[in-house]
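Trainee: This is what each chain is made of:
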Amino acid sequence: MTSNPNSSNPTTAKNVKTVSGITVRLAGDSGDGMQLLGTQLTNTSALAGNDVATFPDFPAEIRAPRGTRAGVSGFQVQFASEEIFTPGDQLDALVVMNPAAMVTNLGDLRKGGILIANVDGFNEKEFKLAKLESDPLEANVIEETYRIFKVPMTTLTRTAVAEHGLSQKVADRCKNFFAMGLVYWLFGRSLDTTLRFIEDKFGRKPDIAAANVAALRAGWAYGETTEAFGESFQVEAAATLESGTYRNMMGNQALAWGLVTAAHLSGKDLFYGTYPITPASDILHELSKYKNFGVKTLQAEDEIAAVCATIGAAFGGTMAVTASSGPGIALKAEGMGLGMILELPMIVINVQRGGPSTGLPTKTEQSDLLQCMFGRNGEAPLPILAPRSPADCFDIAIEAWRIATECMCPVMLLSDGYIANGSEPWRIPDLGSMPKITINHPAGTDLDEPFLPYARDEFLARPWAIPGTPGLMHRVGGLEKQDGTGNVSYDPANHQHMTNTRAAKIDRIAERIPEQDVFGETSGDVLVVSWGGTYGACHTAVKRCRDAGHQVSHAHLRYIHPMPNNIGDLLQSFKTVIVPELNMGQLRMLLRSKYLVDCVGVNKVQGKPFAVTELVDAIEARVTPQASSKGKAAVQSRAG
Amino acid sequence: MTLPVLKAADFASDQDVRWCPGCGDYSILAQMKKVLPDLGVPREKIVFISGIGCSSRFPYYMNTYGMHSIHGRAPTFATGLKSTRPDLMVWVITGDGDALSIGGNHFIHALRRNIDVNIVLFNNRIYGLTKGQYSPTSSEGQITKSTPMGSIDHPLNPLSLALAAEGTFVARSIDAHVKHLGEMLKRAAEHKGTSLVEVYQNCNVFNDGAMAYAQEKKQRAENVVELEHGKPLIFGTNSDKGVRLVGNRLEVVNVADVAVDDLLIHDEKEPNPAIQMMLARMRYPEMPEPIGVLRSVEGVATYNDQINEQVQRAKETKGPGDLQELFTRGDTWEVA
Ligand SMILES: Cc1ncc(C[n+]2csc(CCOP(=O)(O)OP(=O)(O)O)c2C)c(N)n1
Ligand code: SF4
Chain A
1 MTSNPNSSNP
11 TTAKNVKTVS
21 GITVRLAGDS
31 GDGMQLLGTQ
41 LTNTSALAGN
51 DVATFPDFPA
61 EIRAPRGTRA
71 GVSGFQVQFA
81 SEEIFTPGDQ
91 LDALVVMNPA
101 AMVTNLGDLR
111 KGGILIANVD
121 GFNEKEFKLA
131 KLESDPLEAN
141 VIEETYRIFK
151 VPMTTLTRTA
161 VAEHGLSQKV
171 ADRCKNFFAM
181 GLVYWLFGRS
191 LDTTLRFIED
201 KFGRKPDIAA
211 ANVAALRAGW
221 AYGETTEAFG
231 ESFQVEAAAT
241 LESGTYRNMM
251 GNQALAWGLV
261 TAAHLSGKDL
271 FYGTYPITPA
281 SDILHELSKY
291 KNFGVKTLQA
301 EDEIAAVCAT
311 IGAAFGGTMA
321 VTASSGPGIA
331 LKAEGMGLGM
341 ILELPMIVIN
351 VQRGGPSTGL
361 PTKTEQSDLL
371 QCMFGRNGEA
381 PLPILAPRSP
391 ADCFDIAIEA
401 WRIATECMCP
411 VMLLSDGYIA
421 NGSEPWRIPD
431 LGSMPKITIN
441 HPAGTDLDEP
451 FLPYARDEFL
461 ARPWAIPGTP
471 GLMHRVGGLE
481 KQDGTGNVSY
491 DPANHQHMTN
501 TRAAKIDRIA
511 ERIPEQDVFG
521 ETSGDVLVVS
531 WGGTYGACHT
541 AVKRCRDAGH
551 QVSHAHLRYI
561 HPMPNNIGDL
571 LQSFKTVIVP
581 ELNMGQLRML
591 LRSKYLVDCV
601 GVNKVQGKPF
611 AVTELVDAIE
621 ARVTPQASSK
631 GKAAVQSRAG
Chain B
1 MTLPVLKAAD
11 FASDQDVRWC
21 PGCGDYSILA
31 QMKKVLPDLG
41 VPREKIVFIS
51 GIGCSSRFPY
61 YMNTYGMHSI
71 HGRAPTFATG
81 LKSTRPDLMV
91 WVITGDGDAL
101 SIGGNHFIHA
111 LRRNIDVNIV
121 LFNNRIYGLT
131 KGQYSPTSSE
141 GQITKSTPMG
151 SIDHPLNPLS
161 LALAAEGTFV
171 ARSIDAHVKH
181 LGEMLKRAAE
191 HKGTSLVEVY
201 QNCNVFNDGA
211 MAYAQEKKQR
221 AENVVELEHG
231 KPLIFGTNSD
241 KGVRLVGNRL
251 EVVNVADVAV
261 DDLLIHDEKE
271 PNPAIQMMLA
281 RMRYPEMPEP
291 IGVLRSVEGV
301 ATYNDQINEQ
311 VQRAKETKGP
321 GDLQELFTRG
331 DTWEVA
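For the record, the sequence lines run as chains A and B.
Going by my numbering, 56 is the number at position 56 of the first sequence; the sequence numbering is gapless.
Going by my numbering, 227 is the number at position 227 of the second sequence; the sequence numbering is gapless.
The following block holds chain A by itself, in its conformation from the complex:
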């Protein structure tokens, strides 16, 4: 076979080893273009038919000090020939652009894994910036532990792009495409998608486009020609995915698309009121592109204005959504309470990040569950749903709107940074076969009887009578209202009655959601209960434990409030219930208090998702009494 690096899908003449999956992390300075590299590799792998899962990890500062450990930006992707649920724990390959990136990421590279270092980034100045005494590549243990490739990427890139006459600064910026080319060679990826991307992105600057193409091809050719690389790897297309047409989707994008779809299915326009905050902002960026779908976005003056404008839009009869992240949700609390007592349908999205306060804005955590559950004054219960993965965001947005309109109440959606920025293949649905969401606004008439804005249907929902309808004029407000008429009432018995009714309305949602499904047996030794973005890690860990012969089942909650009706029985059917969470035990507290079942927490707040091995260790510590927990996450029993 001859190799032709100028084709868009060059083939290697070297040895190709087929493997079932690869986990690779690309790490460099935040200005090095690592996120771009990672996204390209993901898309290319997805298009090759692999199942993919990603985990971008970047500093909170836009331009963190160059070369420092704080400035390291990483992007991890796992691509596999079988169905996967996480971006992987241990790395098979790590690409580092400078010493800081190396020392902060090396711990995750498995023994015998591939380490590719841009040696041009390794010099005295960079060692100092990374607070290192000496060259970390020179340590003996590195050579012994990993398969290391030292590549002078900057120099090679300069040579490759020389003919395009760019300034050195601009030329050096092409080195991420060189790295990309090398990675593509190593994993047998087609250059197609990225060549198209370069054309799209730099088409108007032909010299930059040409230079990036040259760097990409040079990286590929380097892998092919250099003696050092003896073999490359191939991951076959995944056969386990359900048949259909797929595309790669990030969580926030899927949420946005789900919202637009929900609006379409209910015959409504969409109003989205928000205030920028990481990691929720991308929903705004995405939705603001879809004005031709009837989408209106308001960038409000703050989160309070955003939620209140959303309530205003809902009062007017529009599908209304607001989103934020932890601190912004705190600001929205009073407005959400009003939305609850007004009994208007809307969606409130919380893309959680590390807290408290500003906390770790670019890192993931699940610690706003109790805030969403209880963070309003007075008795103000609201339904809570949580997507379990990037693609699930699409479905859950539609489900949230269905519940909001059936129940006439705000519905909370708890996503997180890990889901929001992560991506996975999404099976494109057939719009025509998706069930419609029926909404009935009461018609205006000259009523003989006075209109009762708080009359209730079988679901205890009140009518959504909208301004402009003759004969239905009514006033709503935050003061307690008399049942039926909605008039202000301080009657003690009425307040009790209304409080009970509003709670019952939420509780009854349990009758209209699916029973909790279980992976594995529905009774036995150990049940792992998880929610939200930890789905993938928990599912994979349980699978691994089951493969090892342990009797472990997994229940993943998408409906958190109310919970499916069978949860209590389910919990009681296992000897041990393990609840892994990226918080200090919030779901565990809810389960224990509601179902009086002891639960064991596996809790971690390090701004990082669970590693599968951590969970496997925690589970094994429970199934085999003598095995000890080696997991980094603290295993906590009782109420911790």
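Source of the hints: derived by calculation from the structure; they are not laboratory data.
Some chain A residues well away from chain B (every beta-carbon gap over 10 Å; in silico):
no. : residue
1   : N9
2   : N140
3   : F149
4   : T154
5   : T576
6   : Q606
Rough simulated footprint, nothing fancy, chain B against chain A, three-plus residues with beta-carbon under 8 Å:
no. : segment
7   : 244 to 252
8   : 473 to 482
Beta carbons: idealized from backbone N, C-alpha and C, even for Gly.
Here the structure of chain A is known, so what remains is to put chain B with the ligands in place on it, guided by the hints.
Mentor: Positioned in the frame of chain A, the structure of chain B with the ligands alone reads:
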């Protein structure tokens, strides 16, 4: 089809009005009910949105659509509603504490966005509902429940603030001056864009007479100048005093002492708010306080028109959204 002719009484809801006897709020409610039938807008197309405070109970008393919301945020609810339902006439009812303290931010942003809603700010210079603490418009040194040694806050001037935010319609009236008040509400309703009417409202329980200099008929002529577009600023019981511009400040003169042309001619339509700002800053007792329309600038695009216009334009240029096409656009692959 002829629309039924409505009367003030048709705008009264079935709820008992529960303000303290003698409160200025009654008069504003009465004027609103009187003005609305003249506007020819059906009741079901009108929405009153208020914050929290005595004045904010207002929507309950109107037989229209209404929302009693949360403290200070009424303009934001109105923004969401008017953006999505431009066909509705939206009124915001607020107090000085509600609009300028907790809601100061939203007040500014509603005005700068020029959302087409009518804000009526009941200014009694006190917190009524919470029983008598000083407000952002209370005078310096004012003794209240929370300021036993006198307030040390510098008062905020709602009209200056509104002009600074480039408000396109800024006016002031007085609860007791019913005819004038009705006229201002009407003008506000007719304005396209955010209109602000500050109404001096007597809280006879916690701040009785704080604005008596302007409210009481006998004192009013001496202490208040009624602005009229294109007319000179003349006031006084015998219309013997005027205001003129000297250099960059305003001064009070005896009309008899100056030529008629010397007096400041009011121009509410002037886009540059500099002189309107000077008028807003005229304070009793040094100067007569202006009532009437300080500023009324037409032709400034409204937020609601623009947000809807962008949707319309996007539909025209990109075609109405096709979701299935969106789903499949770009890089996709098949799994058999
Ligand atoms: C978040 C919040 N903070 C405080 C209050 C208490 N509160 C209610 S009305 C009010 C002040 C009202 O003053 P103003 O706007 O001048 O209205 P008035 O009662 O004088 O008409 C305050 C502080 C509240 N309801 N909500
Ligand atoms: S406290 Fe003052 S503002 Fe409130 S109702 Fe009584 S008089 Fe009116």
